[in-house]
Amino acid sequence: MTAQYRLDDVGMRYGEAEVLRGVSLRFDEPGLVALAGPNGAGKSTLLGIMAGLRSGYTGGCFLNGQSVPHWQRRDFARHVAMVPQSLKLDFPFTAEQVVLMGRTPYAGGLFESPQDWDAVERAMQLTDTLEFRSRDFRALSGGERQRVILASALAQEPRALLLDEPTTFLDLQHQLTIYDLLRRLSREGLLVITVTHDLNLAAAYSDRVVALRKGQVVADAPPCDALSVEKIREIFNVEAEWLQRPGGKAWIAYGD
Amino acid sequence: MGIDPVTPARAARVLLLALIFTAAVAVVTPLIGPSSISLTKAFRGEWPDAQMFFGVRWPRTMLAMLAGGALAVAGVLFQALLRDPLATPYTLGVSGGASLGAVIAICFGLHSLAGLPALWAAALAGAAVILVIVLAVAAEGRRLSSFTLLLAGITINSVVTSLIMLLHNLASVGQTFAIVHWLMGNIDPVDAPTLIALAAIILPLCFAVCMAARQWNLMSVGEEWAAARGASPQRLLLIGYVVGSVLTASVTAITGPIGFVGLIVPHALRLRLGGDHRLLMPASFLAGAAFLTICDTVARSIMSVEIPVSVVTALIGGPFFIAILRSKRRSLWL
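Taken in order, these protein sequences are the chains called A and B.
Following the working numbering, the numbering of the first sequence begins with 1149 at its first residue and continues without gaps.
Following the working numbering, the numbering of the second sequence begins with 74 at its first residue and continues without gaps.
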């Protein structure tokens, strides 16, 4: 079964500051969704609510018809995986051990089962992390770490994958590789929702762009509509221009 | 540089080695001391070997084993919960509470409380009071997190420490001596029922903590990391803090605060074995038991007077630890 999200009039404040207001969204089918918007628009908070990591919001957030806080945690973790922006470890774990932790929601005992190992192997293969599986996570480069974190989330074998700026620390080649992978996974039935600041990646890869500004949804459409020149001006307050490359995809150029 | 993951085979291999080493320490250390003991005579029940072995040195070794193992496990647990490699069983104030209780008992000249020796009872009561206060402060008005726990624990620990200093200052000379003696920590032989009671607390708790190792793995990475993988960080923090405190308090009540074991044993093992608590925790129990027993044996036999065991744990442990750090910087794994 695929994951279906429904958000009804979600609002959230941190003290005085209102970070989300009246957010209603539906995610009914698999696909790659880019969550865009300026800093402080509430993207990460929204992702946190959907991942079951934030409480104290108003309105409702439902996964497959059931309110997220009412899910049994282990069961929820088998449906939804979250990839944080970065991860700092204070203790020596190998890359493989970090990925293995993704199998905890399936744990039946103290050690991993053969199925657990299969899932870990697959996740590390997909993210191209097998070659440094036995190295200390802390000794890896930022991009390598990010791929290991993604592998750990994939090892959860989720139906929905939530990512908070997953490619911030990645070089160009790995940015594209990761987005290729995310698109492939979404074609295979995964709902992928990723926060991104890179409008060109969003335009090139996503099926749908949801844009937030000051805690409200200001666009929810396929990329060519959600990222039109007018919308970009409204959302980000910058001038942009779609450039058609000969024989290729269009490209968004910003600034003067 | 490669490292194997923690599989049942690797865990069994490492823990078996540790078990053999610790068992050897348990058998050999009671034989060491100012007067030599013959193991065969002791087992034949001949005087004085049997009395010395079974009445004095064996209980002392057992106490050191239980105390060392419990402190090391509590250390690993607190380090994981607080995500702080420098956390010790004493960071969060529980042993401070135990010390304050004991110091109060000394100052008021109490001899027995609730059927227990006054020092133990007062120390346990002090630890319990501090445990409740720290939890109340840490969880007041917001969610319990490792940060609020650390903040509350450290603050209350320093308040308790200054109260101890105040009482120390007001005490008579005789009391001052007793206070200092207690605060330095000592492995004094205890009778069999006490040992059995201590074992009945420590062994099941340590076993349960080890069985939850995968949860501590998650917590040692982060609370959101754990929550996103099906764990309940707040509940784990609460349970971990209470269990670690019970372990620490039950040891501290009998021995006083013995430093370094809960810090250095987990640290040294983590360098060799990696961060996976499925291996780290049971190995810490065994190594902590062996380490404190060896230190105590040195403390009681190296000079004509007994020196405080805390002095030895630091004097042996410090250089040993630095040697490990230096030699293993490049290949961190066993």
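One or more hints might be untrue.
To be verified - Here are a few chain A residues that sit away from chain B, every Cβ distance over 12 Å (derived from the structure): (1) Glu-1164; (2) Ser-1172; (3) Gln-1220; (4) Phe-1241; (5) Val-1268.
Stated by the list, open to error - Pair by pair, the computed Cβ-Cβ distance ranges are: (6) B/Ser-218 <-> A/Asn-1187: 22 to 28 Å; (7) A/Gln-1220 <-> B/Gly-106: 32 to 38 Å; (8) B/Gln-307 <-> A/Thr-1325: 35 to 41 Å.
Calculated directly from the structure, the hints in this document are not laboratory data.
Positions of the beta carbon are idealized from the N, C-alpha and C atoms, including for glycine.
Okay, which hints does this one fail, numbers in order?
-> Per hint list: 3, 4, 5, 7 violated.
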